[in-house]
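Engineer: Sequence:
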Amino acid sequence: MKIVFTGGGTGGHFYPIIAVAQKVNQIIDHENILKAKLYYVSDSPYDKEMLFENDILYEEINSGKMRTYFSLKNFVDIFKVFFGIINAIFKMFSIYPDVVFGKGGYASFPAIFAARILRIPVVIHESDSAPGRVNKWAGHFAKKVAVSFPEATDYFPKDTTAWTGQPIRTEIENPAGRREALEYFKLESELPVIVVLGGSQGAELINNTILDALPRLINNYQIIHQTGVKNFKIVSGRAEVVLLNNPRKLRYVSMPFLNPLMIKMAAGAATIIISRAGSMLFEIASWGVPSILVPITNTNLDHQKKNAFNYARAGACSVIEEMNMTANILSGEIERIIGNRKGYELMAQNAKIFNKPDAAKKIARALVDIALSHE
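Per UniProt numbering, residue 1 is the first one in the sequence shown, and the count goes up by one each step.
Because the hints were derived from the structure by calculation, they are not lab data. Each residue gets a CB set at the ideal place from its N, CA and C atoms; glycine is no exception. Where hints are given, some of them may not hold.
Here are the simulated distance ranges between beta carbons [claimed, not checked]: (1) Gly343 x Arg248: 36 to 42 Å; (2) Glu188 x Ile329: 39 to 45 Å; (3) Lys37 x Lys143: 15 to 21 Å; (4) Phe141 x Gly332: 47 to 53 Å; (5) Ser94 x Asp29: 47 to 53 Å; (6) Lys35 x Ile117: 37 to 43 Å; (7) Thr170 x Arg216: 51 to 57 Å.
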């Protein structure tokens with residue numbers, strides 16, 4: 001049995017793939033499936049260590065990004081797409097998997113196109129409330145389509161589409177205990193904790209707003225701030241200046257990146273979470289923590305804005321659009337949510353209700369069943 005996973009080179013595509021692969025490996029072990037091989041096909045490995053830990057082989061297939069707006073890069077990338085497809089056809093013929101799982105993104109296009117040519121079954125998953133171009137195209141011939149938002153089912157054939165929820169990695173599915181988490185970050189037990197998650201790349205607007213609000217927030221709250229690797233030196237340097245003579249400066253903890261253990265601990269410590277509105281919001285929902293989402297605007301089809309407002313309609317979060325993201329507005333919203341006990345508890349409850357557990361397990365089961373029937 002051979003399964004190929006493919007997706008764009010971001011955490012929003014990569015980590016759900018890992019979550020599904022973990023459940024596939026569990027099924028392989030439990031059912032003693034022999035000669036099973038898992039592959040990850042993309043333009044970069046994203047996290048080699050995580051691929052190795054989950055027994056996933058990496059195959060590189062480069063691809064170009066076809067933008068919906070005019071860019072000179074489109075003239076170069078069209079050739080990258082063409083050669084990526086040729087490369088993918090040869091590699092996919094060599095591997096000849098029993099099923100291909102596509103997570104969307106431009107980097108998944110060559111492998112899915114090759115699977116279509118070679119008549120290999122395709123299963124896709126869509127994390128956003130409105131699909132991207134690759135998944136929208138692949139949905140027409142995919143054997144199964146899984147979606148995180150119920151609204152996304154409108155874009156795909158009804159007989160092949162299921163609302164499964166978002167696959168979440170096993171190691172971060174359940175938060176650590178609060179006492180253990182606070183001890184891990186060396187924080188006080190009496191004060192609420194704000195966790196800032198800008199994604200693995202960080203979020204400059206969120207970082208800057210947190211720094212502007214820091215003197216006010218530090219009086220009543222503790223902050224765990226994931227800055228992004230590229231932004232860490234600048235953000236931590238600015239924070240040091242802002243809090244230079246502040247006796248409460250130990251209430252602020254910054255780090256470039258959160259590994260799975262750190263995420264688990266941060267989730268356990270969190271009173272409220274500030275985040276973008278990509279696939280991270282499903283992890284927040286699984287933890288049952290109230291949140292403030294700041295969706296990226298001016299992206300293709302405004303996916304994050306749609307995600308954020310769909311989640312807000314479920315009563316699980318508050319949304320601050322980028323144009324309104326200031327230190328005063330953010331601080332006021334944090335104080336409003338934490339200060340209203342009944343409202344806070346309802347928001348936490350709604351987050352839990354929004355979460356659909358076992359998404360990774362359901363998708364993994366479908367992949368294995370299709371793969372075994374294809375052998």
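Engineer: Looking at the structure, which of the earlier hints fail to hold?
Structural biologist: 1, 2, 5, 6 and 7
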